[in-house]
Amino acid sequence: GENVEQHPSTLSVQEGDSAVIKCTYSDSASNYFPWYKQELGKGPQLIIDIRSNVGEKKDQRIAVTLNKTAKHFSLHITETQPEDSAVYFCAASLGIHDMRFGAGTRLTVKP
Amino acid sequence: GAVVSQHPSWVICKSGTSVKIECRSLDFQATTMFWYRQFPKQSLMLMATSNEGSKATYEQGVEKDKFLINHASLTLSTLTVTSAHPEDSSFYICSAYRNYGYTFGSGTRLTVV
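Order-wise, the sequence lines are chains A and B.
First residue of the first sequence? That's 1 in our numbering, and the numbers climb one at a time after it.
First residue of the second sequence? That's 1 in our numbering, and the numbers climb one at a time after it.
Treat the hints as calculated values from the structure; they're not laboratory data.
Just so it is clear, CB atoms sit at the ideal spot from N, CA and C, and this is done for glycine as well.
Treat each hint with caution, since some may be false.
[To be verified] A few chain A residues that face chain B, going by a derived Cβ cut-off under 8 Å, partial list only: (1) A29; (2) Y32; (3) K42; (4) D49; (5) F89; (6) A103; (7) G104.
[As the list claims (entries may be wrong)] Label pairs and their calculated CB-CB ranges: (8) B:S9 - A:R61: 25 to 33 Å; (9) A:N31 - B:W10: 33 to 41 Å; (10) B:S9 - A:Q81: 33 to 41 Å; (11) A:G16 - B:S18: 46 to 54 Å; (12) B:S15 - A:S52: 29 to 37 Å; (13) A:D59 - B:S9: 25 to 33 Å.
[To be verified] Distance condition first, Cα-Cα at most 30 Å in a straight line; then the derived DSSO-like pairs of lysine-lysine: (14) A:K58 - B:K41; (15) B:K20 - A:K110; (16) B:K64 - A:K42; (17) A:K42 - B:K14; (18) B:K14 - B:K55; (19) A:K110 - B:K41.
Isolated chain A, as found in the complex (with noise of 0.2 Å):
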């Protein structure tokens, strides 16, 4: 099945720096990539996805990229905020089926 590493597993930086989050997936099949916010207590919440047949995709302050060759897909976010401080997940998924997640990275930004 899909085995997804995620890196680093804890991330600090300052207001307004960039911060990057690095997933790798094993199973060359998988078609779609969602990355995932997990606030304390709270059910993760998608902030943004990609699919197999796009390298890139922006959504304000958030971008992910995606190399099917290496097999590797990145979460981007500028200008970063305190409220950005929380658990984010990647996942790799074959379709309906197999959504496997990444470890967690914990991003604190520090104002």
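Dock chain B against chain A, hints included.
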């Protein structure tokens, strides 16, 4: 947008009792829902896939008789933790699949004392 409602948000129960968690898709029909378990500071681990009108598909290592899943309608899936023990204490999260994406519920914190 797609909304998934999960209840209760937290529950405390005594060892040996059963607890039911509900997951509802509020504005769409979900033929497939998923149940996850999350330990503190860890990732989400898929427990089972709930299919409307048929038996759930459990991941390896998940006890079917302990974690009963029912998906009797297109908008409701339930997870019942039977004969709960302290080691079942965890954060349980459901999600529903719609339009090639997944929406998560807000999670249920189960504490077994």
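Hints versus structure:
1. A29: Violated: closest Cβ of chain B sits about 15 Å from A29 of chain A, beyond 8 Å.
2. Y32: The hint holds - Y32 of chain A has a Cβ within 8 Å of chain B, the shortest such distance being about 7 Å.
3. K42: holds (6 Å)
4. D49: It holds, given that the least Cβ distance between D49 of chain A and chain B is near 7 Å, below 8 Å.
5. F89: Since chain B brings a Cβ to about 6 Å from F89 of chain A, closer than 8 Å, the hint holds.
6. A103: holds (5 Å)
7. G104: Holds: closest Cβ of chain B sits about 5 Å from G104 of chain A, inside 8 Å.
8. B:S9 - A:R61: 25 to 33 Å: Since the Cβ atoms of S9 of chain B and R61 of chain A sit about 29 Å apart, the hinted range of 25 to 33 Å holds.
9. A:N31 - B:W10: 33 to 41 Å: holds (36 Å)
10. B:S9 - A:Q81: 33 to 41 Å: violated (27 Å)
11. A:G16 - B:S18: 46 to 54 Å: Taking Cβ atoms as reference, G16 of chain A and S18 of chain B lie about 50 Å apart, which means the hint holds.
12. B:S15 - A:S52: 29 to 37 Å: This hint is violated: roughly 46 Å between Cβ atoms.
13. A:D59 - B:S9: 25 to 33 Å: holds (28 Å)
14. A:K58 - B:K41: Distance ~28 Å between K58 of chain A and K41 of chain B Cα, so the pair holds.
15. B:K20 - A:K110: violated (40 Å)
16. B:K64 - A:K42: holds (26 Å)
17. A:K42 - B:K14: holds (24 Å)
18. B:K14 - B:K55: holds (28 Å)
19. A:K110 - B:K41: holds (20 Å)
Checked against the numbered hints listed earlier, the structure breaks hints 1, 10, 12 and 15; every other hint is satisfied.
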